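Student: Line by line, the protein sequences are chains A and B.
With the first sequence counted from 1, adding 6 to any position gets you our numbering.
With the second sequence counted from 1, adding 4 to any position gets you our numbering.
Note that these hints are calculated values from the structure, not bench results.
Careful, some of the hints might be misleading.
Estimated spans, in silico, between C-beta atoms of each pair [stated by the list, open to error]:
hint	chain 1	residue 1	chain 2	residue 2	range
1	B	Glu38	A	Arg334	37 to 47 angstroms
2	A	Glu251	B	Gly79	24 to 34 angstroms
3	B	Ser142	A	Pro237	54 to 64 angstroms
4	A	Arg93	B	Arg114	17 to 27 angstroms
5	B	Arg114	A	Ala65	53 to 63 angstroms
6	B	Cys204	A	Ala381	56 to 66 angstroms
7	B	Glu38	A	Asp457	16 to 26 angstroms
8	A	Gly393	B	Gly79	16 to 26 angstroms
9	A	Ala417	B	Arg165	49 to 59 angstroms
10	B	Arg17	A	His320	55 to 65 angstroms
11	B	Arg37	A	Ala417	32 to 42 angstroms
Predicted model, so just to flag it, every value in this text is computed and none were measured.
C-beta atoms are modelled at their ideal positions from N, C-alpha and C, and glycine is treated no differently.
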Amino acid sequence: MLWLYLHFPHMLLDHLRRHRQSSRPLAILSGQDPRVAQACPEARALGITAGMRLKTALALAPNLDVIQTQPGQDTQVLEAQARWLYRCAAHIALRPPDGLLAEVASLQRLYGGLPGVWQTVAQALETHQLTASMALGHTPEAARLLARADQGECTADTARIRHRVTGLPLSQAGFDRTTTERLQRLGLTRLGEVLALPPAELARRLSPDALSHLQKIQGTRPDPVQPWHPPHVFRQEVDFLQDIEQSQGLLFPLQRVLSELEEELRWRQQDTDSLHLSLRHRQGDDSRIHLRTAGPEHRAEAFLNLARLHLERHPLSAPVTGLRVCVRRFLARDASRGQDLFGKHSHPEEAWHTLASRLQARLGASALQRLVPRADHRPERAWAAAGALGEPHQQRPVPVLPGHRPLWLLASPYPLGEAPAAWLSGPERIRSGWWDGQPVQRDYYVVQLADGPLAWVFRDLRNDWFIHGWFG
Amino acid sequence: MNELLTTLIQEVRVWPGHRHHRARIPAEATGYRELDEPLGGGWPRGALTECLLDGVGMGELQLVLPAMRRLSRRGKRVFWINPPHIPYAPALDQEDVDLNQVLVIRTNNRGDTLWTLENCLRAPVTGLVLAWPGGLASREIRRLQLAAEAGRSVCILFRDRRQASQNSPAALRLQLTPDGYLGLNIQVLKRRGGRPGQSCTLNTARRAGLAQTEASGVVQGPWTVPRE
Numbered sequence: 007m008l009w010l011y012l013h014f015p016h017m018l019l020d021h022l023r024r025h026r027q028s029s030r031p032l033a034i035l036s037g038q039d040p041r042v043a044q045a046c047p048e049a050r051a052l053g054i055t056a057g058m059r060l061k062t063a064l065a066l067a068p069n070l071d072v073i074q075t076q077p078g079q080d081t082q083v084l085e086a087q088a089r090w091l092y093r094c095a096a097h098i099a100l101r102p103p104d105g106l107l108a109e110v111a112s113l114q115r116l117y118g119g120l121p122g123v124w125q126t127v128a129q130a131l132e133t134h135q136l137t138a139s140m141a142l143g144h145t146p147e148a149a150r151l152l153a154r155a156d157q158g159e160c161t162a163d164t165a166r167i168r169h170r171v172t173g174l175p176l177s178q179a180g181f182d183r184t185t186t187e188r189l190q191r192l193g194l195t196r197l198g199e200v201l202a203l204p205p206a207e208l209a210r211r212l213s214p215d216a217l218s219h220l221q222k223i224q225g226t227r228p229d230p231v232q233p234w235h236p237p238h239v240f241r242q243e244v245d246f247l248q249d250i251e252q253s254q255g256l257l258f259p260l261q262r263v264l265s266e267l268e269e270e271l272r273w274r275q276q277d278t279d280s281l282h283l284s285l286r287h288r289q290g291d292d293s294r295i296h297l298r299t300a301g302p303e304h305r306a307e308a309f310l311n312l313a314r315l316h317l318e319r320h321p322l323s324a325p326v327t328g329l330r331v332c333v334r335r336f337l338a339r340d341a342s343r344g345q346d347l348f349g350k351h352s353h354p355e356e357a358w359h360t361l362a363s364r365l366q367a368r369l370g371a372s373a374l375q376r377l378v379p380r381a382d383h384r385p386e387r388a389w390a391a392a393g394a395l396g397e398p399h400q401q402r403p404v405p406v407l408p409g410h411r412p413l414w415l416l417a418s419p420y421p422l423g424e425a426p427a428a429w430l431s432g433p434e435r436i437r438s439g440w441w442d443g444q445p446v447q448r449d450y451y452v453v454q455l456a457d458g459p460l461a462w463v464f465r466d467l468r469n470d471w472f473i474h475g476w477f478g
Numbered sequence: 005m006n007e008l009l010t011t012l013i014q015e016v017r018v019w020p021g022h023r024h025h026r027a028r029i030p031a032e033a034t035g036y037r038e039l040d041e042p043l044g045g046g047w048p049r050g051a052l053t054e055c056l057l058d059g060v061g062m063g064e065l066q067l068v069l070p071a072m073r074r075l076s077r078r079g080k081r082v083f084w085i086n087p088p089h090i091p092y093a094p095a096l097d098q099e100d101v102d103l104n105q106v107l108v109i110r111t112n113n114r115g116d117t118l119w120t121l122e123n124c125l126r127a128p129v130t131g132l133v134l135a136w137p138g139g140l141a142s143r144e145i146r147r148l149q150l151a152a153e154a155g156r157s158v159c160i161l162f163r164d165r166r167q168a169s170q171n172s173p174a175a176l177r178l179q180l181t182p183d184g185y186l187g188l189n190i191q192v193l194k195r196r197g198g199r200p201g202q203s204c205t206l207n208t209a210r211r212a213g214l215a216q217t218e219a220s221g222v223v224q225g226p227w228t229v230p231r232e
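Same shape as in the complex, but just chain A:
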């Protein structure tokens, strides 16, 4: 087994800086009495270091952007990193708060040797704009120590790795403070000197935890690694450094998240048709936006267009401090139905889905209706509105209606105010609905009104006359 460990010295900082356009110095604070936990290179150049108090940091750099970490945030960010690493390596594990472990011995053939693996991961790090130190080791612990000490190199040579590990100073050997002090009092300075001692002696002098740590470094004690698999949801969060007040400003970070979604979907070979976008506000509830596409979709551009349409229609209620994109529904991807190889002529069904998504995003899902005939004798119940994107209704033989039906039906019958100029056909008696409590008994006639139009009128039981439709 050969393990690759990735240590992210300032993962949160990298994560936040990716979604930022300004180049002002940035520091991340932690704790009740805020102290600088991580500082970006610009801030470090101004003299800000980790552990510094907020007041001191602000005195050094008055235009410093500061962010307070939220509990659990680093785990989320780490999982986001694990997600892309999972595309390179099959067997990976999380090492919270800031490390990832991947088994690479089995990958050597795939990437054409260890340097191939190393370069692939290094490139991925660069694409994701992350700083990380990588190291290889024959045990997870050894790889971790080397990565944290930034001593890693691309080699599988046992002796070389062992040389690196034994050369580590005690302060970087991952012991707790009392153990380190005790060992230092014994006159030991390097990890190699501790490892050279007989295990029985060590067991007598060190705590059980420290001993197991040593054995895990050497590989004499089992160190089971819980493999991590990406969850079957896509969830990506972006925290803004400054509140965003205009919906236009949301599109830039959103585009970034959506292109990650596109990559994720492409990698899974899946599509989705619904996307939840929530906008976090400083006060009050999040604004939740549900974007639905008419058909399976994976392109970031399509989602962005829908989001843009929605945001244009619904202005922001309050400044936005962060956004989250969540996709829970994944659909297997069909073979492209384009008619030619280069996709110049898109399939009509795809074009229709694009159009329907656009219309629904702006007008609301209920604004589009299909018409479905129903088997009922009552005219107002002989049709129904169906959603625009449902299953096409089954073609059935047209029922032979006793009379002719008008192309226009009035939403509610309108009282007939004048005597018709001509009675053209009728009566057609419709008597129905006694079984469901909405009985109807009407005599229908086709009449021509004085100024020309043809109306479908009826007389009800109380001898009142109504217009129910127009022959358009």
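With the hints as your guide, set chain B onto chain A.
Tutor: Same frame as chain A, now just chain B:
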């Protein structure tokens, strides 16, 4: 004098009217032979048509029904945007229109209506757009006309007859008036590449399933007259 004319003609400085070929606009047959003639082949495709009429029920849908039936059976979408009443599904079914292709869209404001029209017109899946847009400015019609040119669909706007005097960039403008017993008079107010002023009368008795001949007073009865 003759020399002068020859020079003018040779240098093509004057427009020789007798050689003018009728510009052929791609058209979708209306299904009525007597109407195709004054329209120059049928409903213009990739252009706007305006039908100006008062009210409903004079056979205006009967005009577009054959084209709707044909286009929907060909798998093209038929949009009804803001219809004044409910398009009645059993009647459309009776007329053999493919209801799966028929979509009714209702919008809340004028901005949405124009946007919807424009999007529907530009989409390659659209075969026919019927719209009741209400009042439109000339600039907005121009915009729709451009959208219609981008697609290749038939677009028919139903508007009030009072707007007949308004200047409009639509390619075809028709005025519909009821004519006698079940007739519909169609007057061409404007036609691109053709002469206006032609008119024809269609008998639309079949919309109510009636015989085509004059037979007023088919039904008479001792019915109580509607109360005033």
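Student: It remains to establish, for every hint, whether it holds in the given structure.
Tutor: Okay, the hints, checked on the actual structure:
1. B/Glu38 / A/Arg334: 37 to 47 angstroms: For B/Glu38 and A/Arg334 the Cβ distance comes to about 59 angstroms; the hint is violated.
2. A/Glu251 / B/Gly79: 24 to 34 angstroms: Violated, at about 46 angstroms.
3. B/Ser142 / A/Pro237: 54 to 64 angstroms: holds (57 angstroms)
4. A/Arg93 / B/Arg114: 17 to 27 angstroms: violated (49 angstroms)
5. B/Arg114 / A/Ala65: 53 to 63 angstroms: holds (58 angstroms)
6. B/Cys204 / A/Ala381: 56 to 66 angstroms: violated (40 angstroms)
7. B/Glu38 / A/Asp457: 16 to 26 angstroms: Once the Cβ atoms are compared, 24 angstroms apart, the range 16 to 26 angstroms for A/Asp457 and B/Glu38 holds.
8. A/Gly393 / B/Gly79: 16 to 26 angstroms: holds (20 angstroms)
9. A/Ala417 / B/Arg165: 49 to 59 angstroms: The hinted range 49 to 59 angstroms is violated for A/Ala417 and B/Arg165, with Cβ atoms some 24 angstroms apart.
10. B/Arg17 / A/His320: 55 to 65 angstroms: Since B/Arg17 and A/His320 have Cβ atoms about 60 angstroms apart, the given range 55 to 65 angstroms holds.
11. B/Arg37 / A/Ala417: 32 to 42 angstroms: holds (36 angstroms)
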